[in-house]
Amino acid sequence: MEYKVKSSTKRITLGLVLLGVLAVVYGILTHIPGQRIWANVLVNSYFFLGISVIGTLWMAIQYVAEAGWSSGLKRVPEAMAQFIPFAGIMLILVVIGGHPSLHWHHIYHWMDPALTDPTSDHFDEIIAGKSAYLNFPFFLARILAYVGVWFAFTLFFRKASLAEDAAGGLTYYKKSLGLGAVFLIFYAVTSSTSAWDITMSIDTHWFSTLFGWYNFATFWVSGIAMMAMITVYLKRSGYMQHINEEHLHDLGKFMFAFTIFWAYLWFSQFMLIWYANIPEEVTYFMDRWENYAVPFGALPVVAFIIPFLLLMDRDAKRSMNMLTMAGVVIVFGHWLDVFVMVMPGALKDEWGFGPLELGMFLGFLGAFLFVTHSALSRASLVAKNHPFLDEAAHHHV
Amino acid sequence: MSHHKEIHGLFGDEEVLLKSAKQLVAKGIHIKDVFSPFPIHGIDPVIGVPRTRLHIAGFIYGACGLGLALFMFWFLLIMDWPMNIGGKPNFSLMDNLPAFIPITFEMTVWCAAHGMAVTYLLRNGTYPGKKNWNPDPRTTDDKFLMLIDVEENHGMDVEEIKSILKQTGVEEISEK
Numbered sequence: 001m002e003y004k005v006k007s008s009t010k011r012i013t014l015g016l017v018l019l020g021v022l023a024v025v026y027g028i029l030t031h032i033p034g035q036r037i038w039a040n041v042l043v044n045s046y047f048f049l050g051i052s053v054i055g056t057l058w059m060a061i062q063y064v065a066e067a068g069w070s071s072g073l074k075r076v077p078e079a080m081a082q083f084i085p086f087a088g089i090m091l092i093l094v095v096i097g098g099h100p101s102l103h104w105h106h107i108y109h110w111m112d113p114a115l116t117d118p119t120s121d122h123f124d125e126i127i128a129g130k131s132a133y134l135n136f137p138f139f140l141a142r143i144l145a146y147v148g149v150w151f152a153f154t155l156f157f158r159k160a161s162l163a164e165d166a167a168g169g170l171t172y173y174k175k176s177l178g179l180g181a182v183f184l185i186f187y188a189v190t191s192s193t194s195a196w197d198i199t200m201s202i203d204t205h206w207f208s209t210l211f212g213w214y215n216f217a218t219f220w221v222s223g224i225a226m227m228a229m230i231t232v233y234l235k236r237s238g239y240m241q242h243i244n245e246e247h248l249h250d251l252g253k254f255m256f257a258f259t260i261f262w263a264y265l266w267f268s269q270f271m272l273i274w275y276a277n278i279p280e281e282v283t284y285f286m287d288r289w290e291n292y293a294v295p296f297g298a299l300p301v302v303a304f305i306i307p308f309l310l311l312m313d314r315d316a317k318r319s320m321n322m323l324t325m326a327g328v329v330i331v332f333g334h335w336l337d338v339f340v341m342v343m344p345g346a347l348k349d350e351w352g353f354g355p356l357e358l359g360m361f362l363g364f365l366g367a368f369l370f371v372t373h374s375a376l377s378r379a380s381l382v383a384k385n386h387p388f389l390d391e392a393a394h395h396h397v
Numbered sequence: 001m002s003h004h005k006e007i008h009g010l011f012g013d014e015e016v017l018l019k020s021a022k023q024l025v026a027k028g029i030h031i032k033d034v035f036s037p038f039p040i041h042g043i044d045p046v047i048g049v050p051r052t053r054l055h056i057a058g059f060i061y062g063a064c065g066l067g068l069a070l071f072m073f074w075f076l077l078i079m080d081w082p083m084n085i086g087g088k089p090n091f092s093l094m095d096n097l098p099a100f101i102p103i104t105f106e107m108t109v110w111c112a113a114h115g116m117a118v119t120y121l122l123r124n125g126t127y128p129g130k131k132n133w134n135p136d137p138r139t140t141d142d143k144f145l146m147l148i149d150v151e152e153n154h155g156m157d158v159e160e161i162k163s164i165l166k167q168t169g170v171e172e173i174s175e176k
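Going down the list, the sequences are from chains A and B.
In this text, residue positions in the first sequence follow my numbering: the first is 1, and each later residue adds one.
In this text, residue positions in the second sequence follow my numbering: the first is 1, and each later residue adds one.
No wet-lab data here; the hints were simulated from the structure.
The structure displayed is predicted, hence computed values, not measured ones.
Where hints are given, some of them may not hold.
Lysine to aspartate or glutamate pairs mimicking DMTMM-like chemistry, simulated, CA-CA at most 25 Å apart [what the hints assert, rightly or not]:
1. Lys88(B) <-> Glu281(A)
2. Lys19(B) <-> Asp117(A)
3. Lys19(B) <-> Glu281(A)
4. Lys253(A) <-> Asp44(B)
5. Lys88(B) <-> Asp287(A)
6. Lys22(B) <-> Asp390(A)
7. Lys162(B) <-> Asp149(B)
8. Lys27(B) <-> Asp44(B)
9. Lys32(B) <-> Glu175(B)
10. Lys253(A) <-> Asp33(B)
11. Lys19(B) <-> Glu246(A)
12. Lys19(B) <-> Glu280(A)
13. Lys348(A) <-> Asp287(A)
14. Lys131(B) <-> Glu106(B)
15. Lys88(B) <-> Glu290(A)
16. Lys88(B) <-> Glu280(A)
17. Lys235(A) <-> Asp313(A)
18. Lys22(B) <-> Glu245(A)
19. Lys22(B) <-> Glu350(A)
20. Lys5(B) <-> Asp33(B)
21. Lys22(B) <-> Glu246(A)
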């Protein structure tokens, strides 16, 4: 079954990309500080990088678990993961732009050499103590390694999957299974370290031990929501008729369960710090409470309560409309989550939410959807020689 | 309770029973119930068991637990005997709310779980002290029983139902 991207879909997604570019131009023309524009690039590149990697992680988990039910829709996560290099390049640009010699922005203020120089007036003992890990060359190398290795695994899975389409047999499946296990170990470590690097290091003095899992929960739930919405879109457009209510039900269960999981981690981090009230820890939430009350207060509602109530009923998880509605709320809610992770450290109280923020989010979303759809159109929508395809056809919840 | 005439069809395999039930229902025979040592996947819609409403009750119990917990905290720790919670402002439920969330969550789960368990037992007629009624004790071991109430199948006599049933892989037919 070949998928042909509708010209209207192409126009809309490319239109969104144009909107994102216009938002940046608008930002420059209205003299919005470069720091805020770069912070927005960071928010969106990190968010969409995280969502794309979920495509790879999803495939790896399905291989390792030898899951059958999801084999009919596996081209969707495969296509989502093709966005990794695009988001990755934007992220690497942000990192390079933070180098003190460039002065594009100062989001990662630990990059300032004065902070680690004992003779300087600005010497910061805590940051100097972390400089063995937080220094520019090592930092850039880590980011390159995350993006590079994640994408290398993605390419391998994709290649094996397409080869399986042509040749059949179990060889490619077994290879993917073994490599999936390796990827899971690699991702288990790098999902945490990438979260420390990309967002936690913005508030350099502060640390939280469950920050990595909390970031992972954000991406996992929004990635699955994105996957469900793309699947529903394809089904609505007349493709993927082999995906029925039973498969949607399982995707809905994933969205519902990990909405709760995210809330659990988010609240655990918040409550312990709030309760203990130790100055060095609580400053993180003081910044958010004082200057970001609206997005911060909206988080538990948008990212937890609304999707929780929407997806609670069995029928809701089997309905394409409800999945789409909950999916939109989840993706936006978790984008807001990343926004609240990045902005307070980068902009303090000089933040805003206007055409720039909205436009850049839509721009990245458009690029993500464009890449995903063109990747979908480059291969058959069904991995036709997948060994568990028959099991997926008889899936019954 | 007036005694209705019943036909019992005993099966050795749940897949055979499921297939047989489909054939019987297609011929317009109403199956009253199926007895099985374990849940048979997909039998409910075939024999017309209505969707359970237990989850709706569960949601209501959970909401009650949530309200009960918040009321408890407000009364015990704010109103009746204000407590200093980690130096946070007392006399305020909202300002101390994060400290109460874990217990509120547990109260919600507790009430939902116990409420649902009790409702399930009452509604099923399996509450403690209830005298067991089972048409054939072998259905607690390795047999599957289909129960047809003759009164519910007007216009069909016993022999007609039995002859249809006989063609569907049944192991044993009895009348009660």
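Original post:
Among the hints numbered above, which are violated by the structure, and what are their numbers in rising order?
Top reply: The structure breaks hints 2, 3, 10, 12, 14, 19; every other hint is satisfied.
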